[in-house]
Amino acid sequence: MTRTTVEYTVKCKRCGIEIGYSGMMYEKIKEYGQSRPEYCEECRKALLLEKMTMGAAYFSVKTLPGEDLSIALPGELGMVYHPQRPHTKVEKPSTFDETQFGATPDKIVEIYQWLKDKNHQVAIIIGETGSGKSTALPYWLIFPPKGVPADFFIRDGQILITQPRIVATTSIAEYMGVLLGSTVGKGFDIGYRYSKDRNTDRFNAAFLATDGSLINMIMKGQLSDLSVVMIDEAHERSENIDIILRLLKDQLPLYPHLKVLIVSATINKNLFLNYFGCDTAKIIEFEAKRKFEYKVNFAPESEKLPYDNPPHLRNLIVSAMTKKVMWLLNEQLSGRKVKGNILAFLQGVKPIEEAVSGLKKAIGQSDNLRDKVEVYPLYSDLDKGVKDVVLRDSNSGKIRVIVSTNVAEASVTVSGVVYVVETGVENQANWRSETLETKVGLTLISQANAKQRWGRSGRTAPGDVYCLYSEEQFKSMLPFPIPAIQRSSMEEIVLLLKRLGVDDLGEGWIEKPKEAELSRSLTSLKASKAIDEDEMLTEYGSMLREFAYTSKLTDLIILSDRFGCAVEVATLLPVIKNGGHKYLLTSNDDWDKKEAQKAKIAHQLLWKNCKDDVEFILKLYQLWISPPERQKKSVKKQSLAERREIWCAEYYVNMQVIEEVDTERNQILRLLNTHKKDSNFREIDFRLLNRARMILAYCIPYKEVAESGYSYNPKISADSGTSATYQMFLPAERKKAVAKSVADNLSSLALARELIGLDANDDADEACARVFEGMDLTLEEAIALVEEDWERSMAKTYPLGRVLEVKVKSVISGGVFANTPENMNVYIHVSEINKSSFIKDATQVIRHGESIKAKVIEFDKERQSIRMSLAIPENSPINRYKVGQLLEARVVNFAAFGTFVSLDLGYQGLIHISKMGTWVNKPSDILSIGDLVRVEVLSVTEEKGVSKIGLKLKEVLKKA
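For what it's worth, UniProt numbering labels the leading residue of the sequence shown as 1, then goes sequentially.
Derived by calculation from the structure, the hints in this document are not laboratory data. Computed from a prediction, not measured in an experiment: that's the story for all the values here. This list has only true hints and no planted wrong ones.
Derived DSSO-like pairs: lysine-lysine, alpha-carbon spacing no greater than 30 Å straight-line:
| id | residue 1 | residue 2 |
| --- | --- | --- |
| 1 | LYS840 | LYS958 |
| 2 | LYS269 | LYS512 |
| 3 | LYS807 | LYS882 |
| 4 | LYS853 | LYS958 |
| 5 | LYS360 | LYS295 |
| 6 | LYS855 | LYS835 |
| 7 | LYS593 | LYS372 |
Label-pair ranges, simulated between beta-carbon atoms:
| id | residue 1 | residue 2 | range |
| --- | --- | --- | --- |
| 8 | PHE681 | GLU41 | 18 to 26 Å |
| 9 | LYS526 | ASN216 | 19 to 27 Å |
| 10 | ASN119 | GLU174 | 35 to 43 Å |
| 11 | ALA641 | LEU436 | 39 to 47 Å |
| 12 | ALA641 | PRO310 | 45 to 53 Å |
| 13 | PRO306 | GLY564 | 53 to 61 Å |
| 14 | GLY564 | ASP279 | 53 to 61 Å |
| 15 | HIS848 | THR95 | 57 to 65 Å |
C-beta: ideal position from N, C-alpha, C; glycine also.
Could you build all of it, start to finish, from the sequences and the hints given here?
Next comes the structure, spelled out in structure tokens:
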């Protein structure tokens, strides 16, 4: 009998949009007296904010003595009536077929029989690829088979399923939604969460999360909200997985209701069993429920690759993989092999893109293969749209070739894969304590990882695995991967454990970290004052852990907050730390020349007037935050999200990347402003650019940046003018070229665009900031110096007394903000508009967008803007107004002989009663104070420094 999932839909009590929720979880929370959802998420937040800001929850009003209240009815404040809002029941059928998986009802009963004993809290689940351990097992936990109480696994809280990769949390959640017949997300049976998307709430019976999210939950004491923790892909032994195992083992006695399932296909089961103990844990194995088998074909000795020589292997691996894929394609089209998709593994994004490009070119040149094969890359940072296409079933009838990192090794299933080309390599990070750096290199995978990859084949037909290594080379691989904790810096791990109150850092691990590295990390953290001499966490250490950045980048945040430019630096930081892996601007090798040229022009427009990438990134973000409205008035008004999407498409900006920058930026600013209830932050202030540049130079010296990979490398060459940014840091060879002129006074970190084209004989002192290294300068002194340099530069470009035309950007009552033709910020105080007339409000005499002439009077170093005055001869009435000129004016006063009107810049003119077009007894008969009128200039004279402007009324434009 097919099971159905019950869901409900209802309109939000406040805004009226339709929301939904799970019927099963509603029945569960109803037992605890909780109500079902009545508001959408946005309205819930608004309602909560209103409650928080309410001064009193109710009014207590005393009645008058002797009043009879029995006949009193509710007044306007006494009761609010709402129309009935029915909760509509929706039933959705499940697609789950228990016969397809090795996770059978008998195995679930076996898990239950073990875990129902309160002393048994851990089950180690081992099942081959395809046994359903990642999908069928969670289904059975939510809807147990006969022999297991219906609410056993959700009785004490939610089920949390961890995944090592973000792509797995979303794709498995969507697949489970199909199995359950459930909508995925907040309010329904299945949800998911990771750092940038929390699509889960209390109504989820189960939710998937990255292992980092579970660590954060443990830190916040949220284990009590969970009934089951399922750690999937435990064989990967990442830092997070080992930390989770350590923390769970320590805290399981505190949560006797909590059950832990450790799940993998290729786990070292005895290691895990001994770690938790036979009294607490048990091994339960799922049988593979494969319809089809696969055959492993090792490379013959004559064709094996040199796996003992990584540099040589790196040069051969892509071409060898490509050759094998092309052979498989030709074998399929010739009919010698069954038609099916091909999954090939490579070690990283660069070789994958190289292989994909090479395959597309080779296929395009083949008459047999052209239009019959699709080639796609697959890796974690791949654009979501492309990733969805790769993971979705294809109805095109074409053979698909997927070239992937180890993201397709586990959890994520590529449909229709019959053939696997296994290269046996991955990029692995290894910490070198002697040089204090992490090196990412080509590494041979373990046997366990290889078997995971093999199991990706043979899902829809008998499969074949083609290894580029020989059987002897396979046997020489390690049985299991080296735990990441034994090849990583321990500093961040120490900070995390100290934050959680763990003192014995060397014990309690499933496999201990290296003692020498642990000792070095403690010494280093003491030196940086993250922990004190008693190895207790300091306030600075807490901030390092809170921001989850390296000490250099955390210092950057702290100092930017101290110097008042945290908003600017928080916007830059997500771009800096991603080291060129994400690109702000979109480009595509498949575009035709017309499209590529269009993108180039759009990118050049964005780059215009930007001195360096610091200014470019901030400008790009500011434009995205407040994109212009461009639709006709008759068209329905666009939402902010729609305008942003249109703007990104028009200027070829990567919407996904800039949204990620925005999310991380706001997280940083919220952490800096935890004392504030308001989550709104000020706009970017471009006058603080030099200050932000100096703090960047201070916190991230060039050498450390170059070695750590913090520099933001553009995808498109900077010379083309279409790059997302010039490199943030001056290249080493360019630094040598200008060394002579900058040796004594220039920072090794150069951010100004002028320096890119600086010759050895140029005056570098005026081109960039000064040096910290080798000079006895504090950051305060350095900022003062660069701002002093700025003032000197401004005086050279805009001498005092110079008159130039500026464009009004905005007007407030106290003054005018404008820009020079070079886009320099200008401020004109209201007192500098007209010396002959007292003006209270600049908005009454200056209009947004108009161009006016102004004189440079001083420089504002603090705000990095030019102070200017409009009180110049060029703006006097005799020079500004010409006889016969038509002007707009506003009526300000009446006299017996005429009407006084206000012109621009605060000047006033007189419309004599005889110049009002028709005979009137008095001006107020046809005009009112505040009327907007059009007038013609009849005369402009000046006597003893007093200007007189004679006007004629032409028409009334708008009545007051």
